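K.L.:
Listed below, chain by chain, are the residues.
There are 2 protein chains.
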Amino acid sequence: MASPIYLGVVGVGGVGTAFLNQIARLPNAPQLVLLARSSQTLLAPTPAYSPAIPAGDWATASAGPSLTKKGALPAEEIATYLAGVPGRAILVDNTSDLNLARAYPLFLKKGISVVTPNKKGFSDDLSLWKDIFSSATQGNALVYHESTVGAGLPVLSTLKDLVATGDEVTRIEGVFSGTLSFLFNTFAPASSSSDAQWSAVVAQAKELGYTEPDPRDDLNGMDVARKLTILARLAGLEVSRPDSFPIESLIPTELASLPSSADGISEFMSRLPEFDGQMADVKATAEKQGKVVRYVGSIDIAAQSVKVGLQYFDKDSAIAGLKGSDNIISFYTKRYGANPLIVQGAGAGSDVTAMGVLGDLVKVIQRLQ
Amino acid sequence: MASPIYLGVVGVGGVGTAFLNQIARLPNAPQLVLLARSSQTLLAPTPAYSPAIPAGDWATASAGPSLTKKGALPAEEIATYLAGVPGRAILVDNTSDLNLARAYPLFLKKGISVVTPNKKGFSDDLSLWKDIFSSATQGNALVYHESTVGAGLPVLSTLKDLVATGDEVTRIEGVFSGTLSFLFNTFAPASSSSDAQWSAVVAQAKELGYTEPDPRDDLNGMDVARKLTILARLAGLEVSRPDSFPIESLIPTELASLPSSADGISEFMSRLPEFDGQMADVKATAEKQGKVVRYVGSIDIAAQSVKVGLQYFDKDSAIAGLKGSDNIISFYTKRYGANPLIVQGAGAGSDVTAMGVLGDLVKVIQRLQ
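Sequence order for the protein chains is A and B. Going by the UniProt record's numbering, the first residue of the first sequence is number 1, and it counts up by one from there. Going by the UniProt record's numbering, the first residue of the second sequence is number 1, and it counts up by one from there.
Treat the hints with caution; some may be incorrect.
It does not matter which identical chain is used: a pair holds within one copy or between any two.
In silico DSSO-like cross-links for lysine-lysine, where the CA-CA straight-line distance does not exceed 30 Å [what the hints assert, rightly or not]:
1) LYS130 / LYS323
2) LYS334 / LYS206
3) LYS307 / LYS120
4) LYS291 / LYS334
5) LYS291 / LYS323
6) LYS288 / LYS323
7) LYS110 / LYS307
8) LYS288 / LYS307
9) LYS206 / LYS109
10) LYS334 / LYS323
To be clear, the hints were calculated from the coordinates, so they are not data collected in a lab. Model, not experiment: these values are computed from the prediction.
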């Protein structure tokens, strides 16, 4: 007889809401007994951990009398609550909170499995990475985080399969940011010509909601660097920090120190055209070689090198031909030879990110049962 | 305490040998207690099921006195032997034998999980497909068959994840045969021109070992049709048989009835040039539209249609840009929108096929423990 499974979910932002809507339609979904957001925590009353929280309709249920309501709970209290369920517990962290990620070892040691799209914990200090996985072993719990790279695309599962079956991964290369993919596919398309200025393309992406509220959070390359850190570690490289390797920032030095306030962002956007000449030069240099420029991350396992920045690609290459805001990830391995194993598609967005989380959850449930 | 796991393997051909070499290097591999090939079956002696067979060195061990040796065993006897292990058992079928596949329900009902790259059982009568999966439920056993489509590429796992998380798959399209990929990438390359005759390209592929011994076994489209049958069924279509939908054969009608003997194959190859004009016409028609011709399989879920045959593609499309003998599989879904989720890479070859089998085996072990 399978042990019953109980679920605690933190975060009800874009991905969190999409996840709750998806799990509400999942047949035989585990009981949702905890739902935490910044202002409030909903709990199925102890000691029975019943009734459960309706995933698709938690807001209505939170107004009724049947659930326990508390304010924001520290991670320790969430862990204690979940450790008490009469079965196995899984924490789904749909936030991007480093502090919650730092508490994963605490959950895992108590036997609570973790499923999350939160990059922070897996791309911070190497010591946290090691602590997370040794705690999982210690607590006989599982950690799945497919959506930390490429959202719902099968990127980490593919890399893990390659490694687990003894293939030798030699190089990983790709476009890992939907935002930067859109910017360069629009600024320097491979199959047509464009005379759009760089700053205009950034402004367009911002208006379409493709960038972070402060576009510098995309242009600084740190999001890509965090994803590369995770991939490199899974491939066996001991990357100490996400800023311990070369990262080419696309923020002009002169604009880097503007504050991240609304005024600062506004000044950044209005002064960005001053630097259009620099990006136009980069594009022209690529053109002269019959190539296009793209913002990529690459990992060379043998050379133990990780880097993030601009590179030129042949116009008929898969990276140059990318459309919209798609990601592409190429795995070069001994068994696959000269032509890499490629995964491509939307690598951002609430629905596909939540799908990656739910896919992980299904696998964790299968393994715990 | 995890239940010990025991392994029976059938087949020591190209994929079987690659699999045995790979599992020999796998840490904590399960005990290999049965190894069957057409002429002989090696068994760990009962009742202890010990000593186990050394996966990487079974040939030497088979000459020694410690293992039980029998002739070819019927599937029933293999199932009875594996059902007796003091733990959980997994059958790995590395053959392409339909008769062994017909016995999967027997294994599964006895609680023996099945891992295989053998397409036959999953692409034959729909009744066998249903029998396999209902038997698995009945016996509380698992069935994994990633390598039946695209070898080690994450094709079936991706489709299963899309379906399990409630995405709506609308269309699946791709190049599913390494042989046909090579033939068309060489005959009608997208980024350069070629004046090679069709028959010469087929002869070249045969010489390189890229085709079956009788190239008509590739050109008749049945291998692609079987893969499409599996994908369509996983996507929810009840395909009755692999020949229950339109399959465009590339074998000229006049040569279809030549015997499959060495003489027949030789006559086929020598008469194929008579039909080069037909394929040249197809290529020219595509050229006139600025396109290239490719041999693809496609599934339209809403229209419940499956088809296999020649289609024209824009030269800058991912399918047209395929290299070597790579496969490409595009999943169009509601969540992914206009740009599909794409998986691409080598879809044939002993090493990558065996890797897909081993990857499945690792997942089955994780779930059984």
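K.L.:
If a hint holds in the structure, say so; if it does not, say that too.
P.N.:
Here is what the structure says about each hint:
1. LYS130 / LYS323: The answer is neither: 37 Å in one copy and 39 Å across copies each exceed 30 Å.
2. LYS334 / LYS206: between (41 Å within a copy, 25 Å between copies)
3. LYS307 / LYS120: This pair counts as within: shortest intra-copy Cα distance 19 Å, inter-copy 45 Å.
4. LYS291 / LYS334: within (28 Å within a copy, 33 Å between copies)
5. LYS291 / LYS323: Answer is both; intra-copy 16 Å and inter-copy 19 Å each pass.
6. LYS288 / LYS323: For LYS288 and LYS323, both the intra-copy (22 Å) and inter-copy (25 Å) Cα distances are at most 30 Å.
7. LYS110 / LYS307: neither (37 Å within a copy, 52 Å between copies)
8. LYS288 / LYS307: Within. Shortest intra-copy distance 24 Å satisfies the 30 Å Cα cut-off; inter-copy 44 Å does not.
9. LYS206 / LYS109: The answer is neither: 42 Å in one copy and 57 Å across copies each exceed 30 Å.
10. LYS334 / LYS323: both (29 Å within a copy, 17 Å between copies)
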